[in-house]
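Q: For reference, the chains in residue letters:
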Amino acid sequence: MAKVLLKGNEALAEAALAAGCRFYSGYPITPQTEILEYLSWRMDEVGGEFIQAESELAGINMVLGAAAAGARALTTSSGPGFSLKQEGISYLVAADLPAVIVDVMRIGTGLGDIAQGQGDYWQLTRGGGHGDYHTLVLAPASVQENADMMAEAFDLAEKYRHPVLIASDAAIGQMIEAVEIPAFVEHNIDKFDWSIKGCKKGCEQKKIQNVYYTHPDYEGYLADKYRQMEEEQRYENIQVEDAELVLVAYGISSRVCRETVEIARAEGLKLGLIRPITLWPFPVKAFKEAKAAKAFLTVEMNILGQMMDDVKLAVGSNYLVDHYGSIFEIPETDGIIAKAKEMLKKEGK
Amino acid sequence: MAKKEIICAGFGGQGVLTAGMLLINAGMEQDKNVLFYPSYGSEMRGGTANCTVKISDGLIASPISKQPDILFTMNTPAIDKFEERLKPGGLLLVNSSIVPEDRTYRSDITVVKVPATDIAAEVANPKGANLVMLGALAANSDLFSIEYMEEAIVSFFEKKGKGKFNEKNVACYRRGVQGK
Numbered sequence: 189m190a191k192v193l194l195k196g197n198e199a200l201a202e203a204a205l206a207a208g209c210r211f212y213s214g215y216p217i218t219p220q221t222e223i224l225e226y227l228s229w230r231m232d233e234v235g236g237e238f239i240q241a242e243s244e245l246a247g248i249n250m251v252l253g254a255a256a257a258g259a260r261a262l263t264t265s266s267g268p269g270f271s272l273k274q275e276g277i278s279y280l281v282a283a284d285l286p287a288v289i290v291d292v293m294r295i296g297t298g299l300g301d302i303a304q305g306q307g308d309y310w311q312l313t314r315g316g317g318h319g320d321y322h323t324l325v326l327a328p329a330s331v332q333e334n335a336d337m338m339a340e341a342f343d344l345a346e347k348y349r350h351p352v353l354i355a356s357d358a359a360i361g362q363m364i365e366a367v368e369i370p371a372f373v374e375h376n377i378d379k380f381d382w383s384i385k386g387c388k389k390g391c392e393q394k395k396i397q398n399v400y401y402t403h404p405d406y407e408g409y410l411a412d413k414y415r416q417m418e419e420e421q422r423y424e425n426i427q428v429e430d431a432e433l434v435l436v437a438y439g440i441s442s443r444v445c446r447e448t449v450e451i452a453r454a455e456g457l458k459l460g461l462i463r464p465i466t467l468w469p470f471p472v473k474a475f476k477e478a479k480a481a482k483a484f485l486t487v488e489m490n491i492l493g494q495m496m497d498d499v500k501l502a503v504g505s506n507y508l509v510d511h512y513g514s515i516f517e518i519p520e521t522d523g524i525i526a527k528a529k530e531m532l533k534k535e536g537k
Numbered sequence: 046m047a048k049k050e051i052i053c054a055g056f057g058g059q060g061v062l063t064a065g066m067l068l069i070n071a072g073m074e075q076d077k078n079v080l081f082y083p084s085y086g087s088e089m090r091g092g093t094a095n096c097t098v099k100i101s102d103g104l105i106a107s108p109i110s111k112q113p114d115i116l117f118t119m120n121t122p123a124i125d126k127f128e129e130r131l132k133p134g135g136l137l138l139v140n141s142s143i144v145p146e147d148r149t150y151r152s153d154i155t156v157v158k159v160p161a162t163d164i165a166a167e168v169a170n171p172k173g174a175n176l177v178m179l180g181a182l183a184a185n186s187d188l189f190s191i192e193y194m195e196e197a198i199v200s201f202f203e204k205k206g207k208g209k210f211n212e213k214n215v216a217c218y219r220r221g222v223q224g225k
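First to last, the protein sequences are chains A and B.
Counting in this note's numbering, the first sequence runs from 189 upward without gaps.
Counting in this note's numbering, the second sequence runs from 46 upward without gaps.
To be clear, the hints were calculated from the coordinates, so they are not data collected in a lab.
Check the hints yourself; a few may be wrong.
When the alpha-carbon atoms are kept at most 20 angstroms apart in a straight line, the in silico SDA-like pairs for lysine to any residue are as follows [said to hold, decoys possible]:
1) B:Lys-205 - A:Leu-193
2) B:Lys-204 - A:Glu-368
3) B:Lys-49 - A:Glu-447
4) B:Lys-48 - A:Leu-193
5) B:Lys-48 - B:Pro-83
6) A:Lys-191 - B:Glu-196
7) A:Lys-191 - B:Gly-206
8) A:Lys-347 - A:Ile-396
9) B:Lys-204 - A:Val-192
10) A:Lys-191 - B:Phe-202
11) B:Lys-207 - A:Val-192
12) A:Lys-191 - B:Ser-200
13) B:Lys-205 - A:Arg-230
14) B:Lys-111 - A:Arg-446
15) B:Lys-111 - A:Gly-523
16) B:Lys-111 - A:Glu-447
17) B:Lys-126 - A:Glu-517
18) B:Lys-111 - A:Ile-525
19) B:Lys-111 - A:Thr-521
20) A:Lys-191 - B:Thr-63
21) B:Lys-132 - A:Ile-451
22) B:Lys-205 - A:Gly-523
23) B:Lys-49 - A:Glu-450
24) B:Lys-49 - A:Ala-282
Because the structure is a prediction, the values reported are computed rather than measured.
Just chain A, with the same shape it has in the complex (with noise of 0.2 angstroms):
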């Protein structure tokens, strides 16, 4: 297929149709409205249905209800709408069911702004609602990334019977690019053996609930699933085998970093980035490839440098590990290196 020209916003919705979704319930909210405009005509022309909710948790609670019957179902949010979402998160966790949630980040806490932020890593990454729970966090760095993990999200959600977040934000939601959709794929909503199918007279009825503790081995079964689902680590390295300093980056802060690693060698710093991919699991693999490495720093668009924990985690005590942050501003080059020279020079003392 030929490439066309998408705002991330809606390349995500096209490629969420490519992958077979056809239930969608959604609140509007900047920067993720248009999210909710494209399926608002084009859920329509593939015969699949589009609901603007009343809120955004009937937005979820209908997601849910969509998902127990086996569709491939989509909401999507931003700032305090995504917290809204989080009760109902936890229930489809609880029920076993798959569904994808996107979260456009913007910026700040309570109601924040409608810039570009990525605020919401803790909220992603620990379970964003009550319960003892994680969910798969996919984090695109471009609109063909918007369009290419739709369907991988999908994937993952039903391969484990859990939602899967995609932590997108506005500069990635609001911004054109070239993007090639995915081919168009049918999901047969019947095909799995355990959703909701209706019941004839004398057949065997079916139940999706949301308290499984009637499992024979409950517990056995839920650490068993998150074992699985950490081995889902995807990641990308760019020039981390011989970095003295190393870069974490996701999102759109990783395309800035990327530029960052070219401009600091040509100038013989050695640089590295990791890119998170997946945010929960963290690929702590990636890591392993860091051997020469004196120090992380994280570069995030937010000020308390959340995913440091996850670095802390990932290459222990040994390192100095640190955080540059951006408010408002996408972060830049000269910064970054700033930083990194910074922490090389307390490093070498």
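Dock chain B against chain A, hints included.
A: Below, chain B alone, put in the same frame as chain A:
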């Protein structure tokens, strides 16, 4: 052309976002990497609209342009806002139908003035002022050849089902190439 960054800015309705889309479409059809980032959020009707365009043979990093190579400005506020950021030696395109003749500019940049709004009115295509500006851009930069940019404009509007306007659009574009 390895990598070029362009900011297009003007009043909402002057076609600056369309100009940006025409540029990335031209880039895409040459298999280049392209990126378009609009300003978004709470904008006023009649206020300033702008977009950042990047066209590159290599990967494109940030959607933000700290130091654009080309500024495509269609009104005075656009120059006020972005002239400072233009790369030394960069190209500033000015819509001289609207921007006062006695305005002064940085001395380390190339300023090309085109009466885009007047020309568009003369060829009875008032919405085509942005295409006049694109003609001036093609004639004064090595971004795309003059002929290729014209072809790309024509194919863009054809793809959008607006091919019937192409005759007048091309008229605007060619006057822009001439600069008068």
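Q: Hint by hint, note whether the structure agrees.
A: Each hint, compared with the structure:
Distance hint between Lys-205 of chain B and Leu-193 of chain A is fulfilled; the C-alpha atoms sit about 12 angstroms from each other, no more than 20 angstroms. Taking the CA atoms of Lys-204 of chain B and Glu-368 of chain A, the gap is about 17 angstroms. The hint holds against a cut of 20 angstroms. A C-alpha spacing of about 15 angstroms is found between Lys-49 of chain B and Glu-447 of chain A, which places the hinted pair at or below 20 angstroms, so the restraint holds. Simply put, Lys-48 of chain B and Leu-193 of chain A have alpha-carbon atoms about 19 angstroms apart, close enough for the 20 angstroms limit, and the pair holds.
The suggested pairing of Lys-48 of chain B with Pro-83 of chain B holds, with an alpha-carbon distance near 19 angstroms, which does not exceed 20 angstroms. For the proposed pair Lys-191 of chain A and Glu-196 of chain B, the alpha carbon gap of about 18 angstroms is at most 20 angstroms, so the pair holds. Between Lys-191 of chain A and Gly-206 of chain B, the direct Cα distance comes to roughly 18 angstroms. Compliance with the 20 angstroms bound is thereby established for this hinted pair. Only pairs whose Cα atoms come within 20 angstroms are accepted, and Lys-347 of chain A paired with Ile-396 of chain A is accepted, the gap being roughly 17 angstroms.
Of the pairs offered as hints, the one joining Lys-204 of chain B and Val-192 of chain A holds, with about 11 angstroms between alpha carbons and a cut-off of 20 angstroms not exceeded. Our distance criterion of 20 angstroms between C-alpha atoms is met by Lys-191 of chain A and Phe-202 of chain B, whose separation comes to about 17 angstroms. Restraint check: the Cα-Cα separation between Lys-207 of chain B and Val-192 of chain A comes to about 17 angstroms, which is no more than 20 angstroms; the hinted pair holds. Taken as a hint, the Lys-191 of chain A and Ser-200 of chain B pair is honoured in the structure, with Cα atoms around 15 angstroms apart against an allowance of 20 angstroms.
A threshold of 20 angstroms between alpha carbons decides the hint, and for Lys-205 of chain B with Arg-230 of chain A the separation of about 17 angstroms falls inside it, so the pair holds. For the proposed pair Lys-111 of chain B and Arg-446 of chain A, the alpha carbon gap of about 17 angstroms is at most 20 angstroms, so the pair holds. For the suggested pair Lys-111 of chain B and Gly-523 of chain A, the alpha carbons sit about 13 angstroms apart, so the restraint of at most 20 angstroms is met. Of the pairs offered as hints, the one joining Lys-111 of chain B and Glu-447 of chain A holds, with about 14 angstroms between alpha carbons and a cut-off of 20 angstroms not exceeded.
Taken as a hint, the Lys-126 of chain B and Glu-517 of chain A pair is honoured in the structure, with Cα atoms around 17 angstroms apart against an allowance of 20 angstroms. Only pairs whose Cα atoms come within 20 angstroms are accepted, and Lys-111 of chain B paired with Ile-525 of chain A is accepted, the gap being roughly 16 angstroms. At most 20 angstroms may separate the alpha-carbon atoms for a hinted pair to count; Lys-111 of chain B and Thr-521 of chain A meet this at roughly 11 angstroms. Using a Cα cut-off of 20 angstroms, the hinted pair Lys-191 of chain A and Thr-63 of chain B holds, with the two alpha carbons roughly 19 angstroms apart.
Taking the CA atoms of Lys-132 of chain B and Ile-451 of chain A, the gap is near 18 angstroms; set against the 20 angstroms cutoff, the hint holds. A C-alpha spacing of about 42 angstroms is found between Lys-205 of chain B and Gly-523 of chain A, which places the hinted pair above 20 angstroms, so the restraint is violated. Distance check on the hinted pair: Lys-49 of chain B and Glu-450 of chain A sit about 18 angstroms apart at the alpha-carbon level, within 20 angstroms; holds. In summary, the hint linking Lys-49 of chain B to Ala-282 of chain A is not supported, as the alpha carbons are separated by about 50 angstroms, beyond the 20 angstroms threshold.
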